Structures are given as structure tokens and as C-alpha cells.
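With UniProt numbering as the guide, the letters of the sequence shown map in order to residues 1 to 251.
Treat the hints with caution; some may be incorrect.
Said to hold, decoys possible - Pairs of lysine to aspartate or glutamate, DMTMM-like flavour, derived with a Cα cap of 25 Å:
| hint | residue 1 | residue 2 |
| --- | --- | --- |
| 1 | Lys183 | Glu205 |
| 2 | Lys204 | Glu69 |
| 3 | Lys87 | Asp46 |
| 4 | Lys204 | Asp46 |
| 5 | Lys165 | Asp116 |
| 6 | Lys245 | Glu66 |
| 7 | Lys165 | Glu95 |
| 8 | Lys164 | Glu69 |
| 9 | Lys164 | Glu205 |
| 10 | Lys164 | Asp180 |
| 11 | Lys204 | Asp217 |
| 12 | Lys164 | Asp181 |
| 13 | Lys87 | Asp35 |
| 14 | Lys164 | Glu109 |
| 15 | Lys204 | Glu51 |
| 16 | Lys165 | Glu215 |
FYI, nobody ran anything at the bench for these hints, they're computed from the structure. Computed from a prediction, not measured in an experiment: that's the story for all the values here.
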Amino acid sequence: MTEERVERVLAEVHDDFGMIRVLEVADYRFLEFGDAIEQSCVFTADPSWLEYDYTRAMLIGALCHEQPESALFLGLGAGTLTQACLKFLPLEDVEAIELRPDVPRLAIEYLGLDDDPRLYIRIGDALQLLESAEPADLIFVDLYTDVGPGVGHLAWTFLENCQKKLNPGGWLVINQWATDDGKPLGAALLRGLYHRHYWELPVKEGNVILLVPAELDQELDLEALSARAQGLAPRLGYSLQALIKAIRPAT
């Protein structure tokens, strides 16, 4: 007989966009939007632990860069990926743009988000605030609402400007919804926008992580990526090699 899953509601707030809830189940806490749409999962004992493959795949995107010093997160959620990047990468400046003011507050209060001096959080719409953000070595796009990907995930100009915000040698990492055929949402738009010069990493949660370089002559060095991931594995507590093997060229 399986143990019954006991759910405790730790916090619930309502804002202009709907409901935000923090739940606790055993050793995990969850950030949910709207009607039980899970946004983030945090292992309470270690908030930098990445439970899901899609977050691990986004960390792989970060490891495409040899020595990233700056990162921009468009969409913060519980901040687990941000925490992992701050912990495992040589970052000096990290900016996060989050639409809903209660999200960072709840993340700090309940979800173990550290008040790290390198992290600067701004509240507002990423589509509007991108222009005033600092250029970065790594940019992460993860703009999900309670009904799916935010409009930015299919907005040509916004996605183009994300790439333009990268420093030379930088990487844009997009958590893209996957369609039924396993391709990223808006595949045709993405192919045209990025000239088919990006890589895809499909994950079991039904997303495809896109790894987009800053420039057309910039290649993905899989061997170096694999070596960096291997070197990090003892500290991470898990291996990224199976995910790295799943990386494919743009479909």
C-alpha cells in the first residue's frame, strides 16, 4: 500500500493574474499558479537541487559557456535554476525579471531562495524590461503562466532581442513547450529567426530546451560541455550525461 500524499498549503495569495500557492508534500515544496498548475518544485533540504529534467537541461545550456560571469533570468519562479547557477557557476552578476511581485517574496520566504548579493530581482513584464537589462553571458527564457507559455515564447522581436542581449560567446536558453510531434512550439518561426543555428534538448516533461548561441559562427562543443558536466557531477549529486546525449541540431 502506498503512503498517502499529505499536502499542506503554506501560503496562498491572489494578484492581478490570479492565484499563487505554495504547497508542501513530504520533503518537497511546490509553487503553483491558478488551478493546481505546478510551476516549480523545491527539495527543501537543498533548494539548488534540480528535480526535473527540464531544469537540468537548462543548466546544461548554462554549461555551454566556458566561463559565464553574468546571467539574466526572464521568469524566476521558485528560483531553483537561479540558485543552482549561482552555486555551480562562476557568476558575478545575476539579474532576474519576474512579472508577479509575490513570486520572489514567496520564493525567499518559503522556497529557500537565498538573498544572494549577486542577485538583483526586478518586477515587471520581461517583454518590456528586456531593453533596460544588462547584456549577459547567459539568458534564460522561462515565461510560463497557469495556461502555458507566455506570449514571449512566440514573439519574434522579443526572441530576437534576447539573442541580441547576449555578450559575444553567450548562450540563450529557452524552455520551449513541445508540440505532439516532439518539435518545439513555433519551430518554423524559430528556424527562421535563428537561421537554423541552435540545438534542441527534448525532455520527458514534454518540453524542448533550446540552446541558441549569440553568433552564427559559434558552435556547440559537445566534448567540452560533457567534460564540464562530468566535473560538476559530484557536486550536483546527479549526472547530466544522458541528457547531453539527447542534444540534437535544430529540427
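(request) Measure nothing beyond the straight line between the CA atoms of Lys164 and Asp181; if it is 25 Å or shorter, mark the hint as holding. (result) violated, 30 Å
(message) Hinted pair, alpha-carbon criterion (25 Å max): Lys165, Asp116. Please report holds or violated.
(response) holds, 23 Å
(request) Would you check the hint for Lys204 and Asp46, treating anything up to 25 Å between C-alpha atoms as holding? (result) holds, 23 Å
(request) Decide if the proposed pair is consistent with the structure: Lys245 and Glu66, CA atoms, cutoff 25 Å inclusive. (result) holds, 19 Å
(message) With the threshold set at 25 Å, check whether the alpha-carbon distance from Lys165 to Glu215 stays at or below it.
(response) holds, 11 Å
(request) Quickly compare the C-alpha distance for Lys164 and Glu69 to 25 Å and report which way the hint goes. (result) Holds, at roughly 17 Å.
(request) Would you check the hint for Lys204 and Asp217, treating anything up to 25 Å between C-alpha atoms as holding? (result) violated, 30 Å
(request) Take a quick look at whether Lys87 and Asp46 sit within 25 Å of each other, Cα to Cα. (result) With Cα atoms ~11 Å apart, Lys87 and Asp46 stay inside 25 Å; holds.
(message) Run the distance test for Lys204 versus Glu69: straight-line Cα separation, threshold 25 Å.
(response) Violated, at about 30 Å.
(message) Given the hinted pair Lys164 and Glu205, is their Cα-Cα distance within 25 Å?
(response) Violated, at about 29 Å.
(request) Could you grab the alpha-carbon distance between Lys164 and Glu109 and see if it respects the 25 Å cut-off? (result) The given pair, whose Cα atoms are some 34 Å apart, is violated under the 25 Å limit.
(request) Assess, step by step, whether the Cα of Lys164 is no farther than 25 Å from the Cα of Asp180, and give holds or violated. (result) Between Lys164 and Asp180 the Cα gap is close to 30 Å, so the pair fails against 25 Å, i.e. violated.
Checked against the numbered hints given earlier, the structure breaks hints 2, 9, 10, 11, 12, 13, 14 and satisfies all the rest.
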